[in-house]
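2 protein chains.
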Amino acid sequence: MNGRCVITVGDLGEFGVIARIAGRLPQGGTVLLGPGDDAAMVRAPDGRVVVTTDLLLEGRHFRRDWSSGYDIGRKAAAQNLSDIVAMGAEPTGIVVGLGLPADAATGWLDDLVDGFRDECDLVGASVVGGDITRCDLVVIGITALGDLGGRAPVTRSGAHPGDVVAVAGRLGHAAAGLALLTAGLTGPEELIEAHRRPDPPYACGPRAARLGATSMLDVSDGLLQDLGHLAEAGGVGVVLLPEKFAVPPAMEEAARLLGADPLEWVLAGGDDHALAATFPAGVRLPPPWTVVGHVVAGDGVQVKGRSPIYRGWDHFRK
Amino acid sequence: MNGRCVITVGDLGEFGVIARIAGRLPQGGTVLLGPGDDAAMVRAPDGRVVVTTDLLLEGRHFRRDWSSGYDIGRKAAAQNLSDIVAMGAEPTGIVVGLGLPADAATGWLDDLVDGFRDECDLVGASVVGGDITRCDLVVIGITALGDLGGRAPVTRSGAHPGDVVAVAGRLGHAAAGLALLTAGLTGPEELIEAHRRPDPPYACGPRAARLGATSMLDVSDGLLQDLGHLAEAGGVGVVLLPEKFAVPPAMEEAARLLGADPLEWVLAGGDDHALAATFPAGVRLPPPWTVVGHVVAGDGVQVKGRSPIYRGWDHFRK
Numbered sequence: 016m017n018g019r020c021v022i023t024v025g026d027l028g029e030f031g032v033i034a035r036i037a038g039r040l041p042q043g044g045t046v047l048l049g050p051g052d053d054a055a056m057v058r059a060p061d062g063r064v065v066v067t068t069d070l071l072l073e074g075r076h077f078r079r080d081w082s083s084g085y086d087i088g089r090k091a092a093a094q095n096l097s098d099i100v101a102m103g104a105e106p107t108g109i110v111v112g113l114g115l116p117a118d119a120a121t122g123w124l125d126d127l128v129d130g131f132r133d134e135c136d137l138v139g140a141s142v143v144g145g146d147i148t149r150c151d152l153v154v155i156g157i158t159a160l161g162d163l164g165g166r167a168p169v170t171r172s173g174a175h176p177g178d179v180v181a182v183a184g185r186l187g188h189a190a191a192g193l194a195l196l197t198a199g200l201t202g203p204e205e206l207i208e209a210h211r212r213p214d215p216p217y218a219c220g221p222r223a224a225r226l227g228a229t230s231m232l233d234v235s236d237g238l239l240q241d242l243g244h245l246a247e248a249g250g251v252g253v254v255l256l257p258e259k260f261a262v263p264p265a266m267e268e269a270a271r272l273l274g275a276d277p278l279e280w281v282l283a284g285g286d287d288h289a290l291a292a293t294f295p296a297g298v299r300l301p302p303p304w305t306v307v308g309h310v311v312a313g314d315g316v317q318v319k320g321r322s323p324i325y326r327g328w329d330h331f332r333k
Numbered sequence: 016m017n018g019r020c021v022i023t024v025g026d027l028g029e030f031g032v033i034a035r036i037a038g039r040l041p042q043g044g045t046v047l048l049g050p051g052d053d054a055a056m057v058r059a060p061d062g063r064v065v066v067t068t069d070l071l072l073e074g075r076h077f078r079r080d081w082s083s084g085y086d087i088g089r090k091a092a093a094q095n096l097s098d099i100v101a102m103g104a105e106p107t108g109i110v111v112g113l114g115l116p117a118d119a120a121t122g123w124l125d126d127l128v129d130g131f132r133d134e135c136d137l138v139g140a141s142v143v144g145g146d147i148t149r150c151d152l153v154v155i156g157i158t159a160l161g162d163l164g165g166r167a168p169v170t171r172s173g174a175h176p177g178d179v180v181a182v183a184g185r186l187g188h189a190a191a192g193l194a195l196l197t198a199g200l201t202g203p204e205e206l207i208e209a210h211r212r213p214d215p216p217y218a219c220g221p222r223a224a225r226l227g228a229t230s231m232l233d234v235s236d237g238l239l240q241d242l243g244h245l246a247e248a249g250g251v252g253v254v255l256l257p258e259k260f261a262v263p264p265a266m267e268e269a270a271r272l273l274g275a276d277p278l279e280w281v282l283a284g285g286d287d288h289a290l291a292a293t294f295p296a297g298v299r300l301p302p303p304w305t306v307v308g309h310v311v312a313g314d315g316v317q318v319k320g321r322s323p324i325y326r327g328w329d330h331f332r333k
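These protein sequence lines map, in sequence, to chains A and B.
Plus 15 on top of the position in the first sequence (first one is 1) and you've got the working numbering.
Plus 15 on top of the position in the second sequence (first one is 1) and you've got the working numbering.
Because the hints were derived from the structure by calculation, they are not lab data.
Derived Cβ-Cβ restraints for the label pairs, each shown as a range:
#1 ARG78(A) <-> PRO295(B): 51 to 59 Å
#2 GLY122(B) <-> PRO257(A): 42 to 50 Å
#3 GLU208(A) <-> ASP276(B): 56 to 64 Å
#4 GLY31(B) <-> ASP314(A): 12 to 20 Å
#5 GLU268(B) <-> GLY28(A): 32 to 40 Å
#6 GLY31(B) <-> THR305(A): 30 to 38 Å
#7 ASP136(B) <-> ASP61(A): 24 to 32 Å
#8 GLU247(A) <-> LYS259(B): 56 to 64 Å
#9 ALA37(A) <-> ASP151(B): 28 to 36 Å
#10 ALA218(B) <-> GLY28(A): 28 to 36 Å
Quick look at which bits of chain A chain B covers, simulated, 3 or more residues with Cβ under 8 Å:
#11 45-56
#12 139-153
#13 158-170
Computed from a predicted structure; not experimentally measured.
Quick reminder that beta carbons are idealized off the backbone N, C-alpha and C, glycines included.
Bound-form chain A, shown alone (with noise of 0.2 Å):
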């Protein structure tokens, strides 16, 4: 322990941190074998498992003094639960891999974990384990689970012609609050809260599966640079009608505050997790579907009446 009021990752040592995660963290009906092992074991029932992962970076990919632990916790386990889902398949577990500072205080480290824990829950998932080791910046690797129910995973290449593109789930709003934090304002509040902690559709993602949607990826990185990936994969072209997105009020303000356009974070802003997917035209969808274009003949992604607007996100150009 040291001397002042707060008990640091340091303080407890690599064995007392695994245990006091493995101690806030319930495992789910999912999971046969939780965290304390070489490894973890996870049901698959249909004998296939679905697997991704991300690395999230402090600096990069969140601030400590802009996001709480457990806002980042949530955001972070949110991504990859949304990539499972992406696919059309139900999560079943995370493992995290978590580089801390030593200082990192434990009440932090707990919050993180809630997050983690929280974000897993909403989707009946669990953290079924993971590994820590110390770093002067706090490293986040996540790895996501996921069982297709026996379905075909919906990928990224089967759109056709004819189909019609739809989303679900909030667009912009991560971007509009990323841009209001870095302007220095505080509001419109819940287009910050959107940055700090996305809210992704998941139900959405097995529902489309039955639906019969016939590509389908979450946008992590904007709508148009996301579907043009889609529309690359499919050897197809996307056409939007800008008409069909709904700008919320917060998000006019946010705009008017900034002096922005407002259909541009709509359209290339990252980090919600959306889910976009393509279906065969006449498919009824239920809200919260919108469909917002169609699939062509050709390629790229064309935003009808508009020159085009493409700033994706570049790791390695950014």
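Given chain A's structure and the hints, the job is docking chain B onto it.
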């Protein structure tokens, strides 16, 4: 492109790097959907999946001036695959989260990826997906998956008094190699190579499960510390017989050069990824399994005729 003759990760950009990596990764028979979508899909024939993750940081787990990209890739994959076989499972696939400096040479990255690929190839697994992001230091987050083929997992907690304790694989080699490098020496070469690249006895894990191992783990932090975890998990004690441990000539030589006790490397050195397991007395153990002690009622790990040596690794204390 920059003006130098070296093409960097930053020159290629995120999606160029991803395409380059994916192009080097053949997908084996366990893979149903490889890199390029929101998630990959791997066979899990017995309806359960074993999963483990590790986070490796430049400067802490490896140094680019001491190890080649290829060796770092081999080592990073090995330590995860070893955790899978330590459950008695067969590895099926890994996913890799990579943090890379923009000025990392693409040739170095190719070597790293080839290292992941070749280590996976040893066990019939594939690199099925990943994530890259920019980072000032190299960060490698690996998650490995495995299948138990209907067997029960061999956990850390099943040892009973009367069982024998056996090890398979090298002990103390990597620690001796690290001590040599730290002292500025370049030999004995086989020990330095052992530090750069472990050689886990992969086939011994599933085989131990079939032989009836009551508990097992991979020796990553040092035999005494890791057997300490096994003893604690099983509510038992372990007695080791020091005369049972072979000290090879190269290690005797290194000990002479450095004025060290080679048995301390063997008993307390990490990173070789040997397997340690307990078996019911009387089980005939084929090579390379070597009986080195036995399980007793009680607690802790005792080295017969020696005072305790317990200097295992704690990431927040070293």
